[in-house]
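Colleague: Listed below, chain by chain, are the residues.
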Amino acid sequence: MQSKKTWYFLLTILIIIFISACSEVNDSFLDPKGPVAAEQKAHLINVTLYTLIAALPVFILVPYFLWRYRYKNNQSKYTPNWEFSGILDLVMWGVPFAIIFVLSTMLWHQTKKLDPYKPIESPQPALEIQVVGMDWKWLFIYPEYGIASVGEMAFPVDRSVSMVLTSDTVMQSFLISSLAGQIYTMPGMQTKLHIKADQPGIFEGQNTQFNGVGFSEQKFNAVAMSDLQFKNWINTVESYGVTLNDTTYDTLAVQSTPEEVHETLGNKSMPNNITYFKKVPVNLYNTIIGRYHTGEAIPLDQQPGGALYKLDNLENFTNKDPDKHSKEIGQ
Amino acid sequence: MSSESQLSWLIGRLTPESFSIVKVIQNPTVNELIASGAAMVVIIGAVITISLLTYFKLWRTLWNDWLLSVDHKKIGIMYIVLALVMLARGVLEGAIMMTQHTYGLDGGFLQPDHFAELFSTHGTIMIFFVAMPFIIGVINYILPLQIGARDVSFPVLNQISLGLTTTGAALIMISLVVGDFSTGGWHNTPPYTGLAFNPGEGPDYWIWSVGLAGFGSTLTGINFAVTIYKERAPGMHLFRMPLFTWTVLCTAIIMIFAMPPLTVATFTLALDRYLDFHFFTNDLGGNMMNYVNLFWLFGHPEVYLLILPAYGIFSEVVSTFSSKRLYGYASLVYATMVIAVLSFTVWLHHFFTMGQGANVNIAFGIASMCIAVPTGVKIYDWMATMYRGRIRFTVPMIYMTGFFMMFTVGGVTGVMLANPTISFQAHNTLFLVAHFHNVIIPGVLFALLAGVSYWFPKAFGFRLNEYWGKSAALLWIVGFALAFLPLYVVGLMGMPRRSVTYTDPAFEPVLMVSLFGVIFILSALACTLIQIWVSVRDRAKTRVTVGDPWDGRSLEWSISSPPPEYNFAIIPTVTDRDEFMAAKQRGDAYKKPDQYEDIHMPTDTPIGIIICLAATILGFSLVWYIWWLAAVSFLAIPLAFIIKSFNLNTEKVITAAEIEKEHTAWLDQVNQVEPITREQETTSINHGLAVVEITS
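Line by line, the protein sequences give chains S and W. Under numbering that gives the first Met the number 0, read the first sequence as residues 0 to 330, first letter to last. Under numbering that gives the first Met the number 0, read the second sequence as residues 0 to 695, first letter to last.
Everything labelled a hint here was simulated from the structure, so no lab data went into it. Check before you lean on any hint, since a few could be wrong.
[Unchecked claim] The calculated lysine to aspartate or glutamate pairs, modelled on DMTMM-like cross-linking and capped at a C-alpha distance of 20 Å, are: (1) S:Lys309 to S:Asp249; (2) S:Lys71 to W:Glu678; (3) S:Lys71 to W:Glu465; (4) S:Lys71 to W:Glu692; (5) S:Lys278 to S:Glu127; (6) S:Lys76 to W:Glu678; (7) S:Lys278 to S:Asp245; (8) S:Lys76 to W:Glu692; (9) S:Lys277 to S:Glu295.
All values reported here derive from a predicted model rather than from experimental measurement.
Next comes chain W alone, as it looks inside the complex:
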């Protein structure tokens, strides 16, 4: 004991028992084995990654071409890789919880505290480290290409945002190996997460993980909004922006206004826990209801922040694969804006049951139901886009179909839950869990997977394998339906969310169906992995380097695949909403410009990775009360900025001659390859040049 306290200035409250591997040696039960098994996966995964990087001598490439890069395309891909790694963990945690549910009548195999940790990490990971980085990654890649820009407005800030998001993800990963994560759910509501009830390190991991990542997302929002306002190509006024860009604009605005309440909530909770403040404690005038309000003031806009870009992706997909102009563009824009505004007026529906009285509930209940109107309009608009089109049932369209069918169910249950009368019964039950999975999986995740299939050829220059893609899509849809629709039933039967066990035998068969769905979802994940592997293996047959494999309509398809670092050899002038389609119809899509100009691009910088490392160490040392390390790592951040400010060499020039050479080489390729019809788009003769089938 005394030796520990002597060391405490050095290692804070870390003890040998903080390491899950030590715990399993002391107490080898199934529960501990699963926990330490997960920790081992993290360690083994890290070791394998490091060995592979060393074996293939990729460290230099990783460092120079990726970690130092401020290229929005590379940052976008890194965001998506991060999201996919975290998705794997999140899905596995979900699968373990569903399995526990199936055996929960007899007590199951998980201890309650471990189960609580699982639902907390699952929720935190899926929202903050899967959905958010996945969405931000896709936006990062596509947005500048769609508006004819060379990069986002603040490329270095973009790199720092990625660094902070990675910090949050890293802290959650570390919590698997060192100590325990919070058991307070993804919203970590006090007073349960206060010092009196949870003195351990769990809630602190949550605070620093979400707090730092959330701050990064605020910066991202500012970056995207400014990019859209300032970097659009000439002629692209607001009502000529592609719909995806519109949704990103709304999302960016939501990010700017919704992330700060989260930052405030996490940091005031930190003050409560670290400095004996009493914002949310039971005593001394603390008020836990303020936390709930602050959190959901972020939490509700958050779900629209995620779903709006998803709507944007579906708008692009449905129009491209129906070979038709998007129906009701103005309607869709207004609907998006209405949703963005309304998203800030409904947060109270997350706690109709807090006792605020009928009139307040009525106001927020009606506001919540109103969101169904613009959302419904969007769905009808996409259906009208399909009407009298020529629809190709490709992978993105399969996801879109799944979205239509399943998301509508989620919409119906959403309207139900907007009724305080029904919420009084369904709140905190699995009905609610079913509802938000029902909107987030078919809504956000299916959109992202559709978006990956759709834009992958743009980013990597070859198409993804259709067979494995279709298998994955179908398995996802069936798996989702089987796994989550039954939860509506047990929810209405009265099973509270976050229950590790239950006593009603009627729940068991229903939850077995769910488990069956989980098997489908895991198969879908496996298919996705196989798809990536097969696609990379067969990439010679699916090259679409010319850049337009799907007969696209917006500017990102007008350049080579993958695009050059500077995106556009010359910035296009926009005259139409579907500018690239219009250019193809005019016959000047692949025109050689009269002259080229030098392009100024930002130089690489290590500031993002430095901030990421410093913030991770800062978070870790604050969690474990290692004050000296916290001070050092905290001071490292401003120091890094000061040092960086002395580097005046922040721009590099790509000469006109270089650009002309690259561009001419690509144009030669355009002239050589055979244009293809839509019937041939999934065959190996698709090199990314489309026959003009539509006349204006």
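Next comes chain S alone, as it looks inside the complex:
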């Protein structure tokens, strides 16, 4: 008996911890900071409620039937050969069908409305950002300003951002949950995503598609700021950034986390784990996509993010020792 009580006690504590944890939602569409995420949250709640209409009878009636029609209860009615009722069958098929019909209509409208390819209306023209997925960081290129950054994506609040995305390695998936849903990035191909933040703040962005040992660290800060702050940010990047040329890009293309990129390419003026780039070649983004459309094979040691990439140049290169790893890149 004593042990039973202990179990109950433990269970209760766990449930309390659980509920309190659930209230601390950060960086999720459950605490939306933009119009798309807010609609996604509302849609989630609607769908749940409608579906529960079909699910609740199960939760209520199964325990009731188990009790009411238990073997030892001789009072309840017993109809061993009853096996069909037209009306009941109509309800069984009809109610779920009606619910799915309503949900399908909602699905149709919401999918159209929240299509990531559809621009979001805002008074100013959208800010354009080109996103390149690399192992294990995102490179954000601002074509209007000729700058780029790793580990941080800054943009003005209340202005829509129009993103084009590709990958210079394996397939990845780009997600800033507080603002909008995710979209895959694939080498040699381009996908699109539109986001907008309603309020200033720092929101976590990440890759959700496993791409190797640095996967868990492929995160960045999406920073929504005022127009003035954004101008200052651009100035900061322009003044402190390192030049993004072939050499720096090749270094960037080695498997490394944002932290390691900062250690090898960054300097003290840049925030921790963040690296700024200036003088970004105008056609860099297109060059990255075009790399895969030359009609020629890419040698294994020239595939950015590849296991054998630049292995010759970086002798004793090993993933197992991250300290050594970043030192080697620095050479």
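Given the coordinates of chain S, assemble chain W onto it according to the supplied hints.
Modeller: Positioned in the frame of chain S, the structure of chain W alone reads:
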């Protein structure tokens, strides 16, 4: 270096470092210790098994009575044993990952590459080497008995399928000891698993393991479908088949159409990796999206392939233990067929986020939600079967209750995920992981465990222990709820699946609850082991040799437990959907036939085990680039078939006299034992003869 290259024609790319035991000596960390510990478990397990077999002098029995056998019942049991061994490994891997999650905020104790290997093997094992062989094993055992057949249509093919499935499982086991498995997840998606990003042996282990086993499953599907079409007892037209048989028919059709895309996907990936093809590479026009499409063209029907027989098991269980005819038989059949067809029209919902545009997503989203309708109908039909029944709360019914409660939650989240709008957020997060565990564990696993409790007495002639069975069932249900429902929460909070670590401290307490659930699940597994041991120990008290311990309704209960090799002394003539129940009500369930006839049965053959060994060696040598061995083992397979074709002695005859002797002995037993009521079914006076309590 030079000595290695001189040896490379002999041992391919094998090096001393390929062996995990060598790695742990060179670099003794917790991470390596766990990896080599697992390898040691495999080796020690093999050594113990071999020693036990030798000590009890069981080699001859194993070889003659099991490995050479083409009896569908023995093959079924071997499939289930394989599944249970792999289940133990899969659950332990899951437990290690959950533990890592709990400590993941501080980095945990596992290296990312080891964690990646764990989630890849866990998924591959659980789908291909637990769920599939478990389902196929139960079908193998029950299907011919339910339709009044003596065996499946192609008994030798059946043995070969088992051989190929075992090959896949063996390769995964070998990967623990020699080299590393893939880190590309259970779907091994390129280009990550291409040569540029993963030149090692891992993805190759996956390719040959899944490729060979998948080919075996295609053959199984053909075998089951033909068996149902051709081997039914006279009078059993399609709408008199038990519902389990119906679900198997749909599953077999799904297998025939869904397994080939997997075979194509694995072998084209192999061409990419071995022969420099460019199906899925980044460059030269390779298109990784084709792989994703091919894989999920298999992958989605696959989950219905698993769940449909589970629905079949629950249909049998609910009707038997409610002592009632199944409600809405026709509805259930149509619902099953609708699900089987729709299962091929929804694969795209696994990648709503690939950028194909809103209209395509809408079409597949609505198709996905539509599956909820027939699934809901099935649940309501089972509830209506319980309505006005007389329900015995036995072990299978406990699992069924767990299924009702938990699977419905999984259904609700499934409808959510069918919405592209929600999938854009929840895709690739632990919400998704929670969802598919929520449908596969309460759906497939609970059904199989219920099915084992239900049909075990049929296969072995004694009942399983009720107390330990009930404990295991309750622990499974509570453990599942605690371990997986929290994952919905962290998923919505934004934790991506396959994360070895995380930075948000809010995840930690939620994941601790999960770990607590894992303890329950491990206890459930322990209870199951104790249950088997206790049941075997006390088997004298639970014998049900007459064969009908639960007042069953379909033909498998009409014969002795365990059934004779030829299943039915005379093939029954079917007049009713619940034929055995009808026979009991008519009073001619245990009638002595006027005359017996000779029965022709297939003879034993070693072809299955030969193919299994050759294919395992083939897979291993391809993984390690040992080309000469690959050529030898590959040629061994057609050679074995050619040699076998010279053996014309493929049938043996069991004479009418032998059959009459066995059958009469059993009928005598029927006359001697006391029939029991349902109240007494879990007591030792249950010998497998039921009082006729229901009148038509």
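Colleague: Next step is simple, just say for each hint if it's right about the structure.
Modeller: Here is how each hint holds up against the structure:
1. S:Lys309 to S:Asp249: holds (9 Å)
2. S:Lys71 to W:Glu678: Within the cut-off at roughly 8 Å; holds.
3. S:Lys71 to W:Glu465: holds (18 Å)
4. S:Lys71 to W:Glu692: Answer holds: Lys71 of chain S to Glu692 of chain W is near 14 Å, not above 20 Å.
5. S:Lys278 to S:Glu127: holds (17 Å)
6. S:Lys76 to W:Glu678: Judged against 20 Å, a Cα distance of about 18 Å means the pair holds.
7. S:Lys278 to S:Asp245: Since the Cα atoms of Lys278 of chain S and Asp245 of chain S sit roughly 12 Å apart, the hinted pair holds (cutoff 20 Å).
8. S:Lys76 to W:Glu692: Judged against 20 Å, a Cα distance of about 15 Å means the pair holds.
9. S:Lys277 to S:Glu295: violated (31 Å)
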